[in-house]
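Number of protein chains: 2
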Amino acid sequence: MIFYGYFRSSSAYRCRIAFNLKGVSPDFVPVHLRRGGGEQKQDAYRELNPQALVPALDTGESVLTQSLAIIEWLDETVPTPPLLPREAGLRARVRAFALAVACDIHPLQNLRVLDYLRTEFGQDQTALDAWCRRWIGDGLAACESLLVRGERRGDFCFGDAPGLADICLVPQLFAAERFGVDQTRFPRLKAIAEACASLPAFADARPAVQPDSEA
Amino acid sequence: MIFYGYFRSSSAYRCRIAFNLKGVSPDFVPVHLRRGGGEQKQDAYRELNPQALVPALDTGESVLTQSLAIIEWLDETVPTPPLLPREAGLRARVRAFALAVACDIHPLQNLRVLDYLRTEFGQDQTALDAWCRRWIGDGLAACESLLVRGERRGDFCFGDAPGLADICLVPQLFAAERFGVDQTRFPRLKAIAEACASLPAFADARPAVQPDSEA
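Same order as they appear, the protein sequences are chains D and P. With my numbering applied, the first sequence closes on residue 215, and no number is skipped along the way. With my numbering applied, the second sequence closes on residue 215, and no number is skipped along the way.
Just to be clear, a hint being listed does not mean it is correct.
Unchecked claim - Residues of chain D placed beyond 12 Å of chain P at every Cβ, according to the derived structure:
hint, residue
1, S25
2, A44
3, E72
4, P81
5, P82
6, R112
7, G159
8, T184
9, A208
10, P211
11, E214
What the hints assert, rightly or not - Dumping the calculated DMTMM-like pairs for lysine to aspartate or glutamate here, alpha-carbon to alpha-carbon at most 25 Å:
hint, chain 1, residue 1, chain 2, residue 2
12, P, K41, P, D212
13, D, K22, D, D43
14, D, K22, P, E61
15, D, K190, P, E47
Said to hold, decoys possible - Quick partial rundown of chain D residues pointing at chain P, CB under 8 Å, derived from the structure:
hint, residue
16, G37
17, G38
18, G60
19, S62
20, A102
21, C103
22, L108
23, F179
These are calculated hints, taken from the structure and not from any lab test. All values derive from a computational prediction rather than experimental measurement. Every residue, glycine too, gets a C-beta built ideally from N, C-alpha and C.
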């Protein structure tokens, strides 16, 4: 298998954690989102993923895109350890948490969106940082509430083992740090992130330790 | 079951189609996104959904949020007719198509985002419409390519019966129409939408025929 990603992409970061949790090690091909106007926009990559976004996973049979679809595929084809609970209602709550990050926070801080705000709307870096902090801050506050509302047990978002929710949370907290979001508002999320950080699957997926890192 | 939605919300529209395909009829409580500064932001609704977004589904046991999580839950608890194929690789492609709409198009045209662009960045309606057209246009062009790339058979996105991909596509094309996106670029998507429109499950889910419609 070949995994196409970028060290700092939140969605590639999610997939790396999932691969590590499952003990799967695809070959890695970096796609530099800044170099040459963005390698993800070049024809060679668009052939793989018409969306011109990372990540993509060439399974040998087909090319999969969208981090959550890749992670659900991985969970279905390599069932142990499970990334989703068995009971349908709880699965829905885990997926909702993941989607609250993947739909309602992350796309708004995406590079193409920030480029548009800069070039078309003439916004400077200060305005872009405030924009990112708004959506990340509101979004994570809602995520904190989603967990507080449930009867939480265990060190992770939904129980004693990490899963899809934690996989989405950790890269989003990394981005929150980058954009200067005050994280003292999210004590529960922070405690979960610390529990995750102690696991090799999460530690080895950090952007700073990837082969294409520029940190 | 109680479904909280809004006639024009794309994500509520997705759920309505899914309920209709499954023959499920939850009670409906409208949440007016404009009235009184937005009923979704009021405490009563935030108790249900801390994200202050529609839709939400009170199943009697818990409150589910995020349209894709609700639809996957429905598919798991009411398996017939299936909204996802059985084979893992194909499931991943259907989910990726759905997520390409739900993550990379829809959140950028969301009311709260347009409100921010208007109030904080001082953009007028013309600029907002261009913003929406950009993300919807690019996103649907990628969706068209995702389908063209696969060996498509049948009248729907992935085969002879509608499923999760079609459920996400149709409301997004409705929004594309609202924002004046040129749809002649997407002949395959348009043909699929026409096949969907002939089915009562889709026709009965249209915003214009909902009890809270202002059309």
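Looking back at the hints listed earlier, which ones does the structure fail to meet? Hints 3, 6, 13, 14, 16, 17, 18, 23 not satisfied by this model.
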